[in-house]
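Enquirer: Model the placement of chain V on the given structure of chain L, informed by the hints.
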Amino acid sequence: MTTATIDARSGMPAHWRDFLALTKPRVMTLVVFTGLCGLLAAPGHIHPILGFTAILCIALGAGAAGALNQWYEADIDALMKRTAGRPLPAGRMDRQSALHFGVGLSFFSVILMGMATNWLAAAILAISILFYVIVYTIWLKPRTAQNIVIGGAAGAFPPLIGWPAVTGDVSALPIALFALIFFWTPPHFWALALFVKTDYANAGIPMLPVVAGEVPTRRQIWLYTAIMAIAAMAPVLLRLSGPIYGTAALLATGLFAVFAFQVSQRRETDPARMGPEKRLFKYSILYLFLLFGAIVVDRWVFA
Amino acid sequence: MTPEEQKEIRARQKSRAVVMGVLLGALVLLFYGITLVKIGTH
Chain L
12 MTTATIDARS GMPAHWRDFL ALTKPRVMTL VVFTGLCGLL AAPGHIHPIL GFTAILCIAL
72 GAGAAGALNQ WYEADIDALM KRTAGRPLPA GRMDRQSALH FGVGLSFFSV ILMGMATNWL
132 AAAILAISIL FYVIVYTIWL KPRTAQNIVI GGAAGAFPPL IGWPAVTGDV SALPIALFAL
192 IFFWTPPHFW ALALFVKTDY ANAGIPMLPV VAGEVPTRRQ IWLYTAIMAI AAMAPVLLRL
252 SGPIYGTAAL LATGLFAVFA FQVSQRRETD PARMGPEKRL FKYSILYLFL LFGAIVVDRW
312 VFA
Chain V
3 MTPEEQKEIR ARQKSRAVVM GVLLGALVLL FYGITLVKIG TH
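So the sequence lines, in the order shown, correspond to chains L and V. Converting from the first sequence to my numbering requires adding 11 to each position, the first position being numbered 1. Converting from the second sequence to my numbering requires adding 2 to each position, the first position being numbered 1.
Rather than coming from a laboratory, the hints here were simulated on the basis of the structure. Cβ coordinates follow ideal geometry from the N, Cα and C atoms, glycine included. Warning: the hint list may mix true and false statements.
[As the list claims (entries may be wrong)] Here are a few chain L residues that face chain V, going by a calculated C-beta distance under 10 Å:
(1) M23
(2) P24
(3) H26
(4) R28
(5) F63
(6) L123
(7) M126
[As the list claims (entries may be wrong)] Restraint ranges, calculated between C-beta atoms of paired labels, are given here:
(8) L31/V x R28/L: 21 to 27 Å
(9) G23/V x G55/L: 42 to 48 Å
(10) R290/L x R12/V: 50 to 56 Å
(11) L31/V x H56/L: 19 to 25 Å
(12) A19/V x T258/L: 49 to 55 Å
(13) L110/L x Q8/V: 24 to 30 Å
Pulled out of the complex, with its shape left as it was, chain L reads as follows (with noise of 0.2 Å):
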């Protein structure tokens, strides 16, 4: 037992299941899906095991971010009632005892990576780590209420992962990918945003609801829907995929757009009455498993 893992409050060394908290367990289903459909929608062939053991990277670079995340942000999550109960602001386990875990994965995720695949996937990785770390987490998130667009890129890394753990290079399809998930993002957290009322603004948090009010909100997941449609529209407009993609996404897209065009243009401020609001929230999730299921189907039928 070093003092490293002991929490100061209890002397109680902290819990396994504390260190499992700090990854963000429920964020990373999304990062392992469209890390996975990067990985299957690229071309050439990777051995099952490199296969798994590439995003088995990608999910533990995102646990070292999410640990980082919390690690720096400690003080900020003792202030609202959804990131409380975290194991740092709870007082279950030291701040020092994240930063090791954060940093050792970090490392360890990378490296892996590097000799399981290739160094530019393992880059990339790295970068992507960085960025959620530094770019967002201590520079940009408590000073813009664009935070979430910045989040959005780290959390569009993933298929630009695991596309060159295949290929060892990254052309325009993974960039594609990466554009809508970058967009998708603002849409998909401001819908929510709307109509769950977090304690952001204790914090001093800027998110845009709070900062700008509703209105710009909603203008705002308007426009960024329509950049999310050109970034989903755009393999088939580079020739980059076939009529399956093109297909799921022209309809599901559409779909999007008039569910962002209802939220945009009403002007409900009731949590209890934002229907159309919840819709698209939880439509987008799907929808972006739906196109990125499609992407990998398409790639498969027409390689």
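Expert: Quick look at chain V alone, frame taken from chain L:
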């Protein structure tokens, strides 16, 4: 430190050791698999 706290600390150390052991075992298998693939004898 009360005997109850002592017991709880031991229990946590043990559960952490077990989890660490399982993870290390899994890594041994994974590295073995990667090695076989890399030297091309799969």
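Enquirer: Provide an ascending list of the numbers of those earlier hints which the structure does not satisfy.
Expert: 9
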